[in-house]
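Protein chains: 2
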Amino acid sequence: MSRSIHLNLFIHGRGHHEAGWRHPGATRKALTDVSYFADLARRAEAGRFDSIFFADSLELGDGARYVASGALEPLTTLAALARETSHIGLIATASTTYTEPFNLARQFASLDHISGGRVGWNIVTSWVGGAAPNFGYDRTPEHSERYARADEFVEVVKALWDSWADDAIIDDVTSGRFLNRGRVRRIDWKGRFYSVAGPLNLPRSPQGRPVLVQAGSSATGKAFAARHAEAVFTAHLTKASAADFYAELKQATIAAGRRADEVVILPGLSAAIGSTDAEGQALLEELNGLTDIDVGLSRLSNRFGGHDFSTLPLDQPLSRDDFPDPSTVQAAQSRAVVITDLVARERPTLRTLLRQLAGARGHFALAGSPERIADVIEDWTESRAADGFNIMPPVLPAQLDIFVDHVIPVLQKRGIFRREYAADTLRGHYGLTRPVNPHFHS
Amino acid sequence: MSRSIHLNLFIHGRGHHEAGWRHPGATRKALTDVSYFADLARRAEAGRFDSIFFADSLELGDGARYVASGALEPLTTLAALARETSHIGLIATASTTYTEPFNLARQFASLDHISGGRVGWNIVTSWVGGAAPNFGYDRTPEHSERYARADEFVEVVKALWDSWADDAIIDDVTSGRFLNRGRVRRIDWKGRFYSVAGPLNLPRSPQGRPVLVQAGSSATGKAFAARHAEAVFTAHLTKASAADFYAELKQATIAAGRRADEVVILPGLSAAIGSTDAEGQALLEELNGLTDIDVGLSRLSNRFGGHDFSTLPLDQPLSRDDFPDPSTVQAAQSRAVVITDLVARERPTLRTLLRQLAGARGHFALAGSPERIADVIEDWTESRAADGFNIMPPVLPAQLDIFVDHVIPVLQKRGIFRREYAADTLRGHYGLTRPVNPHFHS
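Heads up: the protein sequence lines correspond to chains A and B, in order.
The first sequence begins at 1 in full-length UniProt numbering and counts up by one.
The second sequence begins at 1 in full-length UniProt numbering and counts up by one.
Note that these hints are calculated values from the structure, not bench results.
Ideal Cβ placement from N, Cα and C applies to all residues, glycine included.
It is possible that part of the hints are untrue.
[To be verified] Quick list of the computed label-pair ranges, beta carbon to beta carbon:
no. : chain 1 : residue 1 : chain 2 : residue 2 : range
1   : B       : Q412      : A       : D167      : 40 to 48 Å
2   : B       : R320      : A       : D172      : 34 to 42 Å
3   : A       : A423      : B       : R28       : 46 to 54 Å
4   : A       : P438      : B       : P438      : 49 to 57 Å
5   : B       : Q251      : A       : D167      : 52 to 60 Å
6   : B       : P438      : A       : P324      : 37 to 45 Å
7   : A       : P324      : B       : D424      : 48 to 56 Å
8   : B       : Y421      : A       : A423      : 15 to 23 Å
9   : A       : N180      : B       : S310      : 37 to 45 Å
10  : B       : R320      : A       : N180      : 37 to 45 Å
11  : B       : E142      : A       : I254      : 47 to 55 Å
12  : A       : P438      : B       : R28       : 28 to 36 Å
13  : B       : H441      : A       : A247      : 53 to 61 Å
14  : B       : H441      : A       : D294      : 23 to 31 Å
[Stated by the list, open to error] Listed below are several chain B residues computed to face chain A (Cβ distance under 10 Å; list not exhaustive):
no. : residue
15  : D138
16  : S144
17  : D171
18  : V173
19  : N201
Pulled out of the complex, with its shape left as it was, chain A reads as follows (with noise of 0.2 Å):
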């Protein structure tokens, strides 16, 4: 029998390629109307699928000049969409480096609460240089200190979405008592970086603990995701890189005292889909041929801690050296390995490097029809380099809408994908456990 997988939508702007924005099937909707992700939410659940995540930011880049963006902030999107939708889950990225961890547990408990029991929370150190000048600080701090930060930052939130029992509220008009105060501890956290006294405001929430995701695959951010994740967001441009990332997860994982099964791995996909191959290719074609150099090369530079580029010829093969040690970079390490890895491979020019980016950021691209489309991802899971997939539309919302009207039947057909929700809350769609309350017996 086939493994079952598992599909988030990833929402990004008007879709995940640079110049999807620019095509006849983008929405022409403000990025600031909330009713053109209330709509992609509501096609995603019509979809079946078991969530849908944004992406953050805390700083407006120089890309938006070229590129649509300058949107909605995730949790009061969420929130505004949660009353929207019924089964789908509810992703929203959150800063461990610039938020307080008392504020952050709350937010997503309240919106654990507010979904029924629907919310993920994608834990970011936050990379972009741009972000740190916007919250009193000279520069970004160390990647190595950013982690360390997260780690405790993790703990201190598990411990306050822990601090009611779930059995905490009695609420008996008769004798007036509300509280069983016997059932709510204070967390009295005092660690290197972070003092709490707890206990959290509001009760334990629906799933117990909203599901953790992480995204960052450096060896730092490996070793987070053993110890934290319940979903890792993952990008690999080959099948065999996404088996090796996912074997040695899954092996950390374990490692790490917890069960293969407790963490979900989704590499990103982005397909150009078509109904036959050559249309699905015609798509990126027409998609390439309206990206712009200078944006591509602004991107890279940025992927590389601002790194300069564009003194580099544009039709000659690229080579290893062309690029800084990624292991320099105070940014996102991952993505730079991944870029420096296929340069090494492939030796593309810098045009064709450019392109292979505009797609989805460094993130696996293909175009095809959707049964090309349902071979890979069947093939990726059956090949253990994928638990599903994190679903990147190059342009939103006509290719969400032929990848849910075209390619979902068929991994339905195939017995691979959900025909109805199954479950009621994100944890229910991963196959996650709802945590027991370490601190409190039932």
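We have chain A; now place chain B onto it with these hints.
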């Protein structure tokens, strides 16, 4: 011609009366069930209220044992309600002491977009002592320090909200230009407490700036309100006290270089309404009969920074000497003043005082028929003691329904309250103009 009044619904647990949750007219839904709050918001909108409002506290207070509390977080809750309503304003409390200005400015701007321009920010400095240790502080920063921070915080937030010109987005698919970076500016704020580069990472919101609301009524609080507030919630036990406050704050607003009508003053009003005055009185008696002396003592103590009142006799007249000097209270000083003034004026027994405060925590409470309630509303407004009221039903939803069905029609018949919304934004309802962006010429 009579003055048009403004009405805000203050949503608080299952009602403002301390024992309201024990009354049969109170909801039995959990306070974590957003459908309860959605229902209240829709009822208030059907009654043509200007706005709804959630207070907030960053700790779980001791009173939670006996009072329905432990509830959802305001911003996520109002985001969920935004899509269930179309006209009513949505006011969330958030603290300047325990949040980052960039995060707060962004979430409120996002919510202003999501709601189509209906958001207000109730600015608080978080006087409750239990909040500080949830954010790494040994104790609450001093009253004057909190207000100094708040003053700078609000200036930073305004600058962030004004960091995009209203026409910054080009969104031209033909040229591939999305954003005119010349119409977006860094704020480069470097002040005593905050250093924030900016710009904000989302476009200027429908109202330009969410409406600024304030509720502290200490001398410092009033000076702050005169500079920043566009709506003020305030607590008075007599019309005379409200009229003094009204005259003083309007004068101070003018002295701060603003127009008197740039601030809307809304005293709290908690009405126990029956079809006759006797029925209203009977309801209030019934509610008072459900209160508990220990709960009242604990809340009074909390109002005076932890002072112990439990050694005082219950049934002898109090005097001002039984209370600490309000100016020494590191909490909400204005409420402490209201209470000591009442004691000096009326010499109540401790039992009577606790019952009086149980009704509405120092706000004006009355009982009677719909006509009587409407008379008070009209009288205070005509007497320039108020521009309208912060309506605090003692029992929710029952007493809100009665207010909407029986008091509002009387106000409408007298021509002092709208029958239909004349605007789509909170600024529109309150008669406030959209702030011009000082940094960009159109």
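Results of checking the hints against the structure:
| no. | hint | in the structure |
| --- | --- | --- |
| 1 | B:Q412 with A:D167: 40 to 48 Å | holds (47 Å) |
| 2 | B:R320 with A:D172: 34 to 42 Å | holds (38 Å) |
| 3 | A:A423 with B:R28: 46 to 54 Å | violated (27 Å) |
| 4 | A:P438 with B:P438: 49 to 57 Å | holds (53 Å) |
| 5 | B:Q251 with A:D167: 52 to 60 Å | holds (54 Å) |
| 6 | B:P438 with A:P324: 37 to 45 Å | holds (42 Å) |
| 7 | A:P324 with B:D424: 48 to 56 Å | holds (52 Å) |
| 8 | B:Y421 with A:A423: 15 to 23 Å | violated (41 Å) |
| 9 | A:N180 with B:S310: 37 to 45 Å | violated (23 Å) |
| 10 | B:R320 with A:N180: 37 to 45 Å | holds (38 Å) |
| 11 | B:E142 with A:I254: 47 to 55 Å | holds (52 Å) |
| 12 | A:P438 with B:R28: 28 to 36 Å | holds (31 Å) |
| 13 | B:H441 with A:A247: 53 to 61 Å | holds (60 Å) |
| 14 | B:H441 with A:D294: 23 to 31 Å | holds (29 Å) |
| 15 | D138 | holds (9 Å) |
| 16 | S144 | violated (22 Å) |
| 17 | D171 | holds (7 Å) |
| 18 | V173 | holds (4 Å) |
| 19 | N201 | holds (4 Å) |
Hint violations for this structure: numbers 3, 8, 9 and 16, all remaining hints satisfied.
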